[in-house]
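Peer 1: Now for the letters of each chain:
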Amino acid sequence: MFKVIDKSIINADEMVLNMGPQHPSTHGVLRLRIITDGEIVSKVEPVIGYLHRCFEKHCENLSYEQIVPFTDRCDYLASMHMSHSYSMAVEKLMDVELPERVEYIRVVVAELQRIASHLIAVGAFGLDVGAITPFTWTLRDRERILDLFEMLCGARLLYNYVWPGGVSHDLPPNFIQKTHEFLDYFLPQIDEYNQVLTTNKIFIERSADVGVLPLDVGINYGVSGPSLRASGTSFDLRKDEPYSVYDKFDFNIPVGEGLMGTVGDCWDRYYVRVLEMKESAKIVRQALDSIPSGDVHEALPKKIRPKKGEVYSRYESARGDVGFYIKSDGKNIPQRLKMRSPAYCNLSVLNEISSGWMISDVITVLGSLDIVLGEIDR
Amino acid sequence: MTSIVDSLFNYISFINIDMNILLLFAIVVPGLILFILMALNVMLSVYFERKVAAFMQDRLGPMEVGIFGFKGGKKFWGGIGQIFADTVKLLTKEDIMPANADKFLMTISPFIIVIGALLTFIGIPFSDGLIVSDFNIGILYIIAMSSVGVIGVILAGWSSNNKWSLYGAMRSAAQIISYEIPIGLTLLLIVIVCGSLQVSDIVSWQANHRWFIIHSPFTFIAFFIYFISVIAETNRTPFDIPEAESELVAGWMTEFSGFKWSIFFMSEYANMLIVSLVASFVFLGGWLSPFTIINVFPHNWLIFDGFYWGIFWLLSKAIFLVFVMMWFRWTFPRLRVDQLMYVCWKVFIPFSLANLFLVTIWELIF
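Residue numbers (the numbering used here), protein chains in the order written: chain W, 1 to 378; chain F, 1 to 366.
Chain W on its own, in the form it takes in the complex (with noise of 0.2 Å):
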């Protein structure tokens, strides 16, 4: 509806302007670096590393079992995907044949997981946009897995559970009823939050329309997740590169439609996350009727020492692909570690998409590719 400058017509002075580290809806300590003329905004620039704490090279004096609860405050909103994905690497670069019921555990706190992580994407937004209540009705959702995942393994936030060859607990007694009571509480919730804030006009007005990801921009920028797949892909790592148990479920993968506007635009990539929790929750009611049971610490070793040799793994996290390389070179720590961190190349595409716009909708535009600093920064 509205983007326009037009130099010739507005010949004003440009103002930087400094959004961060200290501001309510930078979603922690980013520094967006905004060259605006008037409310419009000609350049974002965003500033990092406010929160670098030197992980890629910490982990070359570690051994890889301590390695796992530093993966965990990487995404401190999806720790089980990080220590997951960082347990799959040193798999595959050890070559252990995990048990069934270890990946189904997995499956089913990552999904778990990921409905968690995207509740809070989805209610942060809500609260970027302006609208207070949906983000405390999301926070006290989340608030009930996270309640799971402490009967599970006593941390709510941080829980290095997912070890390589393993997970760190089985599963407690009546985990599975009190996950299947979780979904049958939680699904009738999504349909508020859509009845409060994804179907409300003001809400439609603010984020359809505004700041369009075309599918070539993202797919050039290296974007992943749902900010991708709400421009109208469906990559989606769970089923183009089946990894751990997923080929094993029935689950579609939410697409952007551009119902309210145009296909990728700020609504899409919100929906898609509303649509993802209601896929992720089929998974997990999938898994917990066919797990299968046996030992989760059978495939644990004892010493993790992997031969010479490196290794790349993907694993689809609440925010994309997230990717280890492991180079190894025989010792008990590795040589080198580098990690994708698919919140990273999705904030590299914000100045493309939100210059033009107003103040106001780079904050919604912030909001809708759902960053988090711990992995931009690492």
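Derived by calculation from the structure, the hints in this document are not laboratory data.
Some hints here could point you the wrong way.
As the list claims (entries may be wrong) - Cut-off 27 Å, straight-line C-alpha distance, at most; resulting in silico cross-link-like pairs (DSSO-like, lysine-lysine):
hint	chain 1	residue 1	chain 2	residue 2
1	W	Lys331	W	Lys308
2	F	Lys163	W	Lys43
3	F	Lys103	F	Lys93
4	W	Lys201	F	Lys346
5	W	Lys331	W	Lys302
6	W	Lys282	W	Lys178
Nothing here was measured: the structure is a model prediction, and the numbers come from that model.
Given chain W's structure and the hints, the job is docking chain F onto it.
Peer 2: Below, chain F without anything else, positioned relative to chain W:
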């Protein structure tokens, strides 16, 4: 008894003193009463808003601090002591000013805003005759005084020496000035129908005829245009663009703290009460009982009308409208600044102009 100032003159006229002292007395006493009223209003409204927000968000809100034998707990009055705790905290807080701020303007800007709100109260009735001064240009005065605040907002934003404050102030100025127009046009419509600018005349017209909200389809539309416009004028969600906390940190209030910030808060909630009271006495029959609409009760006492019931009805209507504003705030997202201007200039102003034209025809015919 027509107004508080008149009755004060009546009561103390037997004392033979200088007219100037008498006048001073008549100014100071209502002023103090209004100031206390505003302070009470902000304390109770903030508590009310926190509780309303909490119950909408599946929380409990303040529930720890009890006072005067009221224990904390899950009930609606569970944290009533929070009112006093908040007040003491705000008043004793350090007053921080940025080093490069314009100190003089930054000091006076909160007071300009609060004086705008305080002066508006002079023309606002609370019941039949319970008004500081019932002069013949009441509505015009209210509209004029409620736009004084924007000067304070611009000064606050400019003097803070902060880009966010400046953005907030500029947005606020544009917004308040734009929304003055539909507010003025809808109130003008009422003035045309009842033929007077005086507050008591407007209500007595409604007593003799009908409440304005059900008087004609055009006054019905005018009520909603007025109500939505005043939400924008008081900077409440979905029009809280000047202080949009997710974009502009806190808008023009960013650099203010402690006492000055509490003054801003006071004027914000006072403005909410003012616009709700104006909506109540202009459109919803003021101090008239709702039972007068139906007019089926045989006896007068069943109608619950009169001076004291008038206070109850007027405040009930106003507090209900305040509640609706809070309800909006905790339900709706925020509009963008261009969409806000679109709503004002391309929807409300043409509609209220057409409304104004049509209501004159309606009045000629019926």
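Peer 1: Each hint: holds or not?
Peer 2: Right, here's what the structure says about each hint:
A distance of roughly 8 Å separates the Cα atoms of Lys331(W) and Lys308(W); the hinted pair therefore holds under the 27 Å criterion. The suggested pairing of Lys163(F) with Lys43(W) holds, with an alpha-carbon distance near 17 Å, which does not exceed 27 Å. Pair hint Lys103(F) plus Lys93(F) holds up; C-alpha atoms about 18 Å apart against a cutoff of 27 Å. Between Lys201(W) and Lys346(F), the direct Cα distance comes to roughly 18 Å. Compliance with the 27 Å bound is thereby established for this hinted pair.
Distance restraint check for Lys331(W) and Lys302(W): the Cα-Cα separation of roughly 14 Å lies within the 27 Å cut-off, and the hinted pair is therefore satisfied. Between Lys282(W) and Lys178(W), the direct Cα distance comes to roughly 15 Å. Compliance with the 27 Å bound is thereby established for this hinted pair.
In terms of the numbered hints stated before, the structure departs from none.
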